[in-house]
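There are 2 protein chains.
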Amino acid sequence: MKVFTTPTSLDRVLEPSPDMKESVMAVEKIVGYNFKNKKLLEEALTHPSFTGSASYQRLEVLGDSALNHAVTNYFFCMADYQKFTQGQITKLRSANAGNLNLARVAVRHGLYRYLRRNAPDLDDQVREFTEAVINGEEMVESEEAKVLADIVESVAAAIYIELNFDLDKLWMKFKPLLDPIFTLENLHDHPKTELNEFCQKNGKDYEIKLRPRHETRNVSIADVYVDGEFIASGSSNKKKGARVYAAKEAVNKLCQSVVVDDGSFQEEVA
Amino acid sequence: MKVFTTPTSLDRVLEPSPDMKESVMAVEKIVGYNFKNKKLLEEALTHPSFTGSASYQRLEVLGDSALNHAVTNYFFCMADYQKFTQGQITKLRSANAGNLNLARVAVRHGLYRYLRRNAPDLDDQVREFTEAVINGEEMVESEEAKVLADIVESVAAAIYIELNFDLDKLWMKFKPLLDPIFTLENLHDHPKTELNEFCQKNGKDYEIKLRPRHETRNVSIADVYVDGEFIASGSSNKKKGARVYAAKEAVNKLCQSVVVDDGSFQEEVA
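Chains A and B, in that order, give the protein sequences.
Taking UniProt numbering, the leading residue of the first sequence gets 1, the next gets one more, and so forth.
Taking UniProt numbering, the leading residue of the second sequence gets 1, the next gets one more, and so forth.
Heads up, a few of these hints could be off.
The list treats identical chains as interchangeable, and a pair is accepted whether it falls inside one copy or across any two copies.
What the hints assert, rightly or not - Calculated lysine-lysine pairs in the BS3-like style (CA-CA distance at most 27 Å, straight line): (1) Lys-240 / Lys-2; (2) Lys-175 / Lys-209; (3) Lys-239 / Lys-83; (4) Lys-83 / Lys-146; (5) Lys-204 / Lys-91; (6) Lys-201 / Lys-2; (7) Lys-192 / Lys-36; (8) Lys-192 / Lys-253; (9) Lys-83 / Lys-240; (10) Lys-240 / Lys-169; (11) Lys-146 / Lys-91; (12) Lys-36 / Lys-2; (13) Lys-2 / Lys-169; (14) Lys-29 / Lys-204; (15) Lys-38 / Lys-83; (16) Lys-39 / Lys-204; (17) Lys-169 / Lys-146.
To be clear, the hints were calculated from the coordinates, so they are not data collected in a lab.
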């Protein structure tokens, strides 16, 4: 018996507002689902900066929860249950249903252009984020990543409501948009986690130091030191980004080097 | 079509270990569900401190996600969808599926005694927590609350797996254990949130100050000042608890008082 079913108020044939007709049709095509209540998808495509119409904020709560749970189910059902530790499942869930990945999904499917909004600053931020994704750069959590993820979650929630809260059906419809799913085999850790794990394994201390802003002008530069020795640096217009890029560069260098007897690092000679 | 189904490795008739037979039977009775694979419930009832057998840690991840999502669905389906704001849904979810409430559920149904464990310190903490719940005291997040919530989540996950990952069926089986469900009508905010909201509404500043520990011996005492005026204090063996109790006491007093013209508080005369 179904206890979670589409509320009567939403289970209706409704057309979108004239200004959203094209966007709704375009997104229906992207997700491969034809809505009965097109107002629901319109709501999923409305940013809070657009006044006078319900925004995606409510749907986002439902979509976030549905995608998180679907991904959790996926790893419990698809894989040999005993294979994963608690930490690994948590990591896989965050890699697949976390904001950063969902933001990448939004970029891959070009969803932002269909978002009804009134937020010129956000447009600039999303443009930068999109370029970074296309260039395969390491991403960091940010306001624009959150908005991009929110769109994916809200659209998922709208489909989930139309599918009568059937999570299996939502997953069948939505997984192709998320593909490729990160698995333990292709999951790379966050650079700072990797750096931390590398140093712990080799009994080393590391430090990521930000250079004083007045020395670096309008950019943040971070340097990685391992046991006091400079290893690599990274730069970004955000402090967090600089730290992440520095860590990534450091991990790359450390993986190509070997620890020699005196404890210092040396480049490996092929 | 079901895509999330019980993994073959778990879909078996299995008896519990001899030492867990009674506990498994007792918990089956509490939750009103007779397990096919009793090893699954045994795993849900095994704390990580008990070595030599799989602990509930993996199940807890699944149960946490399932209960969170079920509660989210519940508020989307049962209520008039437009009635809730994003903040209210988030608050209701945390009030019902958050660790503190699930810990209360564990206490109400006496689940801790069936947990296979090797953790004498935890036993003491749980005893204190249980007394506090029985006395209707305001609770704060703690290690023991987390363990108690973990048991509820793990047992929920074990049932969910046996029910072939059917969230509707899990909710029908599990909701009676969670009842009464907090709704907007009976939901009291956390005392610190209430104090904050009260002060914002009345244009007042508040401060919660901890007294120096050397003055108060082995107990933490916190005092609440509103616009510099002492309102109430609270004590606990934990700093966090002292702050919460002080805030609660302050809210009680403030609600019984009226703001008089000069901006100070005065006790209301009936």
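Evaluated hints:
| no. | hint | in the structure |
| --- | --- | --- |
| 1 | Lys-240 / Lys-2 | neither (46 Å within a copy, 42 Å between copies) |
| 2 | Lys-175 / Lys-209 | neither (40 Å within a copy, 50 Å between copies) |
| 3 | Lys-239 / Lys-83 | neither (37 Å within a copy, 40 Å between copies) |
| 4 | Lys-83 / Lys-146 | between (31 Å within a copy, 25 Å between copies) |
| 5 | Lys-204 / Lys-91 | within (24 Å within a copy, 43 Å between copies) |
| 6 | Lys-201 / Lys-2 | neither (50 Å within a copy, 43 Å between copies) |
| 7 | Lys-192 / Lys-36 | neither (45 Å within a copy, 44 Å between copies) |
| 8 | Lys-192 / Lys-253 | within (14 Å within a copy, 48 Å between copies) |
| 9 | Lys-83 / Lys-240 | neither (34 Å within a copy, 38 Å between copies) |
| 10 | Lys-240 / Lys-169 | neither (38 Å within a copy, 44 Å between copies) |
| 11 | Lys-146 / Lys-91 | both (19 Å within a copy, 20 Å between copies) |
| 12 | Lys-36 / Lys-2 | both (20 Å within a copy, 23 Å between copies) |
| 13 | Lys-2 / Lys-169 | both (14 Å within a copy, 8 Å between copies) |
| 14 | Lys-29 / Lys-204 | neither (52 Å within a copy, 53 Å between copies) |
| 15 | Lys-38 / Lys-83 | between (42 Å within a copy, 20 Å between copies) |
| 16 | Lys-39 / Lys-204 | neither (56 Å within a copy, 42 Å between copies) |
| 17 | Lys-169 / Lys-146 | within (25 Å within a copy, 33 Å between copies) |
Checked against the numbered hints above, the structure breaks hints 1, 2, 3, 6, 7, 9, 10, 14 and 16 and satisfies the rest.
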